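*Asks:* Line by line, the protein sequences are chains G and V.
All residue numbers for the first sequence refer to the working numbering, where the first residue is 1 and numbers rise by one.
All residue numbers for the second sequence refer to the working numbering, where the first residue is 1 and numbers rise by one.
Hints are computed from structural coordinates only; laboratory data are not their basis.
Be aware that a few hints might be false.
Here are the simulated distance ranges between beta carbons [what the hints assert, rightly or not]:
(1) V:178 - G:289: 34 to 40 Å
(2) G:191 - V:72: 37 to 43 Å
(3) G:311 - V:68: 38 to 44 Å
(4) G:82 - V:72: 58 to 64 Å
(5) G:136 - V:82: 53 to 59 Å
Computed list of lysine-lysine pairs in BS3-like fashion (alpha-carbon distance at most 30 Å, straight line) [what the hints assert, rightly or not]:
(6) G:127 - V:241
(7) V:127 - G:268
(8) G:136 - V:127
Sample of chain V residues lacking proximity to chain G, with all beta carbon distances greater than 10 Å (derived) [what the hints assert, rightly or not]:
(9) 71
(10) 129
(11) 130
(12) 227
(13) 235
(14) 267
(15) 298
Given the structure is predicted, the values throughout are model-derived calculations rather than measurements.
Just so it is clear, CB atoms sit at the ideal spot from N, CA and C, and this is done for glycine as well.
There are 2 protein chains.
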Amino acid sequence: MNKSEKLHTRLIERREFITNSIKAAGAITLPVAFLAVPETGRSNNRALQTGSYTVQDVINIILKEIPGAPFKQTVDTIKSGNADQQVTGIVTTMFPTVDVIREAVKKNANFIIAHEPSFYNHTDDTKWVAQNDVLKQKQELLQQHQIVIWRFHDYWHAYRPDGILYGVLKKAGWLSYFQPGKWVINIPSVSLRDLVDHCKTSLGISHVKVIGDLSQKCEKIGLIPGGAGGQIQITLAENEKPDVLIVGEVHEWETAEYIRDGRLLGSKTSLVVLGHSVSEEPGMEWLVEWLQPRVPGLPITHIASGDPFIWM
Amino acid sequence: MNKSEKLHTRLIERREFITNSIKAAGAITLPVAFLAVPETGRSNNRALQTGSYTVQDVINIILKEIPGAPFKQTVDTIKSGNADQQVTGIVTTMFPTVDVIREAVKKNANFIIAHEPSFYNHTDDTKWVAQNDVLKQKQELLQQHQIVIWRFHDYWHAYRPDGILYGVLKKAGWLSYFQPGKWVINIPSVSLRDLVDHCKTSLGISHVKVIGDLSQKCEKIGLIPGGAGGQIQITLAENEKPDVLIVGEVHEWETAEYIRDGRLLGSKTSLVVLGHSVSEEPGMEWLVEWLQPRVPGLPITHIASGDPFIWM
Chain G
1 MNKSEKLHTR LIERREFITN SIKAAGAITL PVAFLAVPET GRSNNRALQT GSYTVQDVIN
61 IILKEIPGAP FKQTVDTIKS GNADQQVTGI VTTMFPTVDV IREAVKKNAN FIIAHEPSFY
121 NHTDDTKWVA QNDVLKQKQE LLQQHQIVIW RFHDYWHAYR PDGILYGVLK KAGWLSYFQP
181 GKWVINIPSV SLRDLVDHCK TSLGISHVKV IGDLSQKCEK IGLIPGGAGG QIQITLAENE
241 KPDVLIVGEV HEWETAEYIR DGRLLGSKTS LVVLGHSVSE EPGMEWLVEW LQPRVPGLPI
301 THIASGDPFI WM
Chain V
1 MNKSEKLHTR LIERREFITN SIKAAGAITL PVAFLAVPET GRSNNRALQT GSYTVQDVIN
61 IILKEIPGAP FKQTVDTIKS GNADQQVTGI VTTMFPTVDV IREAVKKNAN FIIAHEPSFY
121 NHTDDTKWVA QNDVLKQKQE LLQQHQIVIW RFHDYWHAYR PDGILYGVLK KAGWLSYFQP
181 GKWVINIPSV SLRDLVDHCK TSLGISHVKV IGDLSQKCEK IGLIPGGAGG QIQITLAENE
241 KPDVLIVGEV HEWETAEYIR DGRLLGSKTS LVVLGHSVSE EPGMEWLVEW LQPRVPGLPI
301 THIASGDPFI WM
């Protein structure tokens, strides 16, 4: 494995690490579905012949193309509803927010494929916070409209090329610079200020946070959408020494302070924090294009969950 | 224990949880100092008599006033230098950044008391990222100037009243609303917009992120400076149903999405995210006032590490 491949493997392993840590600590009850291995290869032919798909049919069709799937351990489980439900339409999104659910209902789509959790923690443990009224109301809303949510996180990152990264590169107009297996691209030289403007305009982002000299020239870009955590982000910065590291979300005590200190010590690596949701949304938008020919006849729409914040 | 006390206990326990998880996973080498129990009660009298203090003297003087100290497990260890070093001056700060270190050197202060990590991860594991050039250069800078860093996190939160919370309430002008042991205060009714303005002005913060209706009236405020994590933040929101929850940092997939969904489902609870560093800095500023009479003759200064970001 080269460094980039190792980093990608660690991105997946990180999720396992979190899971193992939680299990070892014994503090959290895992949802029953957590260790379930989705069934593959069943009824795909029937679905394609009849043009009628259950949730499980769609999942099977997707998993057939993911290297190593099904995984023994993954957070990519059904979070709401029933795998046998007939799908009336699919919505892809980052976070299956209450707004996204209501919009899906309006579109008569009863299957949401979401990249991130439904219930406010990585494993979607519904007992993580006792007596969570918001969570209960969300479950009632989902039940009322018989909406199925499936998380498509580990598998989409394990696809080659990584489905999220590919979607982001595509939307940013950077596909021609992409080298499979790499988290670094080299683009024509541009100032950090213009790079930030390009990210905001091309990805439809209103506000970002930056550490760096805005007049600095950038060519080598480390790009890790989402919230991969400091260990992965800092490792990429150390291994590749890019001009700028672009990520979705940081722990401020990890990557932000590392970059701040690094620059004070002479490193050129700047940091752009796009926001978690908006940084990966293009990957769930790209999923529509990827999935549509694989489930002909099924209506698929992307609904952006969007930046939750007002910036003041 | 009432709910607030339970929450406070969990704030401390969370750190233990993280530590246990890391140990159980076996993936990370703990620094040797991690389990060290600082010595107490030694040489305090000598220090007070001579007006000359070692680092350990200062730590002992502080720990005498922390309930339950010394803790068997804590991240509050010496991160750089030697406990026997004579202290020429103390600097308190949130993050011992390279800028803070250089400023301390200028002030001839060789002991930094920092609330947050020195080396970009919670346990200050220096092997967390292999071949970390930035970390090595920082260690060289510290060694060159013989700077000792001690972390004062778990103990300052365990002080009664919590040293960080008290400092923030003091700086925000909210001490008169404070009820010991509570993470909620009731203030005269104010719009969310005016509350945000007050936080920015009184705490010296340039930018914040908000989820909520800016015209909404706020009286009951849940206040958890720093990055306590979604489980603690959401538990407070559920238990207390405040008008607004003010925090330092969130995981976007936890508290931010919980608040966004909650409001879409009729909850009134808004969210203000101040930034990790700036949200707790007043607690390290307050430490100067608290500590000075306990170490007469020693120069103590607060240096704010500040918001690392440019907001664009």
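*Asks:* Can the restraint linking residue 127 (chain V) and residue 268 (chain G) be considered satisfied, given a maximum Cα separation of 30 Å?
*Replies:* holds (22 Å)
*Asks:* For residue 129 (chain V), is the shortest beta carbon distance to chain G beyond 10 Å?
*Replies:* violated (5 Å)
*Asks:* Are all C-beta atoms of chain G more than 10 Å from that of residue 71 (chain V)?
*Replies:* At roughly 18 Å from the nearest Cβ of chain G, residue 71 (chain V) sits farther out than 10 Å, so the non-interface label holds.
*Asks:* Take a quick look at residue 235 (chain V) and tell me if its Cβ sits farther than 10 Å from every Cβ on chain G, holds or violated.
*Replies:* violated (5 Å)
*Asks:* Just to be sure I understand the hint, the distance between the Cβ atoms of residue 178 (chain V) and residue 289 (chain G) should be within 34 to 40 Å; is that true here?
*Replies:* violated (55 Å)
*Asks:* Per the stated criterion, does the least C-beta distance between residue 267 (chain V) and chain G lie above 10 Å, as a non-interface residue requires?
*Replies:* Its Cβ does come within 10 Å of chain G, the nearest being 6 Å, so this is violated.
*Asks:* Report holds if the minimum CB distance from residue 298 (chain V) to chain G is greater than 10 Å, and violated otherwise.
*Replies:* holds (27 Å)
*Asks:* Closest CB-CB distance from residue 130 (chain V) to chain G, is it above 10 Å?
*Replies:* violated (7 Å)
*Asks:* Is 38 to 44 Å respected by the C-beta to C-beta distance linking residue 311 (chain G) and residue 68 (chain V)?
*Replies:* holds (41 Å)
*Asks:* Is the nearest CB of chain G more than 10 Å from the CB of residue 227 (chain V)?
*Replies:* Non-interface label fails for residue 227 (chain V): nearest chain G Cβ at 7 Å, not farther than 10 Å.
*Asks:* Using the beta carbons of residue 82 (chain G) and residue 72 (chain V), state whether their distance is inside 58 to 64 Å or not.
*Replies:* violated (48 Å)
*Asks:* Could you check the hint for me, namely that residue 191 (chain G) and residue 72 (chain V) are 37 to 43 Å apart, CB to CB?
*Replies:* Once the Cβ atoms are compared, 52 Å apart, the range 37 to 43 Å for residue 72 (chain V) and residue 191 (chain G) is violated.
Of the numbered hints stated above, those contradicted by the structure are hints 1, 2, 4, 8, 10, 11, 12, 13 and 14, listed in ascending order.
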